[in-house]
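**Q** Spelled out, the chains give:
2 protein chains.
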Amino acid sequence: MVKKELLYEGKAKKIYTTEKEDKLVVEYKDDATAFNGKKKGQIQNKGVLNAEISTIFFELLAEKGVPTHLIEQLNEREVLVKRLEIIPVEVVMRNIAAGSLARRLGLEEGTVLKRPVLEFYYKDDDLGDPMINEYHIYARELATEEDVNVIKELSFKINDILVEFLKAKEIDLVDFKLEFGKGLDGKIYLGDEISPDTCRFWDSETKKKLDKDRFRRDLGEVEDAYQEILRRLKN
Amino acid sequence: MVKKELLYEGKAKKIYTTEKEDKLVVEYKDDATAFNGKKKGQIQNKGVLNAEISTIFFELLAEKGVPTHLIEQLNEREVLVKRLEIIPVEVVMRNIAAGSLARRLGLEEGTVLKRPVLEFYYKDDDLGDPMINEYHIYARELATEEDVNVIKELSFKINDILVEFLKAKEIDLVDFKLEFGKGLDGKIYLGDEISPDTCRFWDSETKKKLDKDRFRRDLGEVEDAYQEILRRLKN
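Heads up: the sequence lines are chains A and B, in that order. Here the working numbering is used: the first residue of the first sequence is 1, the next is one more, and so on. Here the working numbering is used: the first residue of the second sequence is 1, the next is one more, and so on.
The hints are simulated quantities; they were obtained by calculation from the structure and are not laboratory data. Mixed in with the good hints, there may be bad ones.
For identical chains, the list gives no copy identity; a pair is met inside one copy or between any two copies.
As the list claims (entries may be wrong) - Calculated lysine-lysine pairs in the BS3-like style (CA-CA distance at most 25 Å, straight line):
1. Lys114 to Lys152
2. Lys114 to Lys182
3. Lys82 to Lys23
4. Lys23 to Lys4
Just chain A, with the same shape it has in the complex (with noise of 0.2 Å):
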């Protein structure tokens, strides 16, 4: 599959239209940002690893009955997708306690909640992606009833699957943020990517950090825990 031309540049990705209206390639760089783009640099490799990782999601996903935009891999950096209409809400889920929702309830990181926790929140660069909730999307009409309904089923399944998958490799699934979008047939896929730069994988054992946090907070061996994180789904 061919690129044509560079649709949009986003922090850690490239789209590029190809020859169909309908498939899009997305190319993963190794560019990092944080806190809104405030914080700004480079992982090494970054694009290879999470290019694999979050095909490897995807593609257990699919397996359990997920949509997702997914077509296949092109080469070490590339994946051939599903063109979405994306859906401008961001899904965070929750297990464990940490980062905003930590200090939003005044718990302790590392805190296991009851239950899982969904949480919506407005792509929005310019009023800093808020956390909203499904009343303000019906408002502001980002997306039907109907939508919402399907997105949070499908998210709370794919916690329920990627928790279980890495539990076995002795990894805690922290949190995570999802993007949906609705494909030219009209239904609803799973877009964007599941990777260390999108979820919080912690030790199961020793509790220590393999994701963005060790960019985000300046821990150091940041390429080292993208690579664990390879190297554990692939055993």
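Please arrange chain B on chain A, whose structure you already have, making use of the hints.
**A** Just chain B now, kept in the frame of chain A:
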């Protein structure tokens, strides 16, 4: 009903026990606070005005089938209520964008929302009463799913009743806060108050603010605004 001992003193009210275990006396104060207690002042006659205004709203809601804590107004500042165990979650209902919602969604103040918005806030002064969602409520065990469903249903019903009632008084109900609690019978009742302290009321024609925003934003004529609301409610 004779007041026994001071059970609790809040920013705008004092709560007293009575000789009956299941009944409390609420005394409305003239004290006004804003911004989580950072701004403090007094609004002359506020206690008297809010006691009467809130009683009018609670009697209206009771007539329409909403279970409330109100038993009767005892005198100009005091109201007799059912004792509730307050659920530590505030509900904010919104019909028109203002305040934090306008900021959160990047909407101009005064934008009429396509659908009413319900928001939950965690009643915790130390955390600054953060916005939360249903899943946070369940994870923190602040209320059960059954209770949350009752609270949501009552909140939308209350909004419908108040919007219609106030429309006839040429008042726009922009947004308002509700608190719920459980009676000794285990049922959910509407508690707290409904007044210009807890609602945004705008004149339908001129959009003049007739509520605590006059105090928050130093707009002057604060007591006049509360008086005007009471005058219209009694007409």
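**Q** Now tell me if each hint is right for this structure.
**A** Results for each hint:
1. Lys114 to Lys152: The answer is both: 18 Å in one copy and 22 Å across copies each meet 25 Å.
2. Lys114 to Lys182: between (32 Å within a copy, 23 Å between copies)
3. Lys82 to Lys23: within (5 Å within a copy, 63 Å between copies)
4. Lys23 to Lys4: within (11 Å within a copy, 74 Å between copies)
When held up to the earlier numbered hints, the structure conflicts with none and fits them all.
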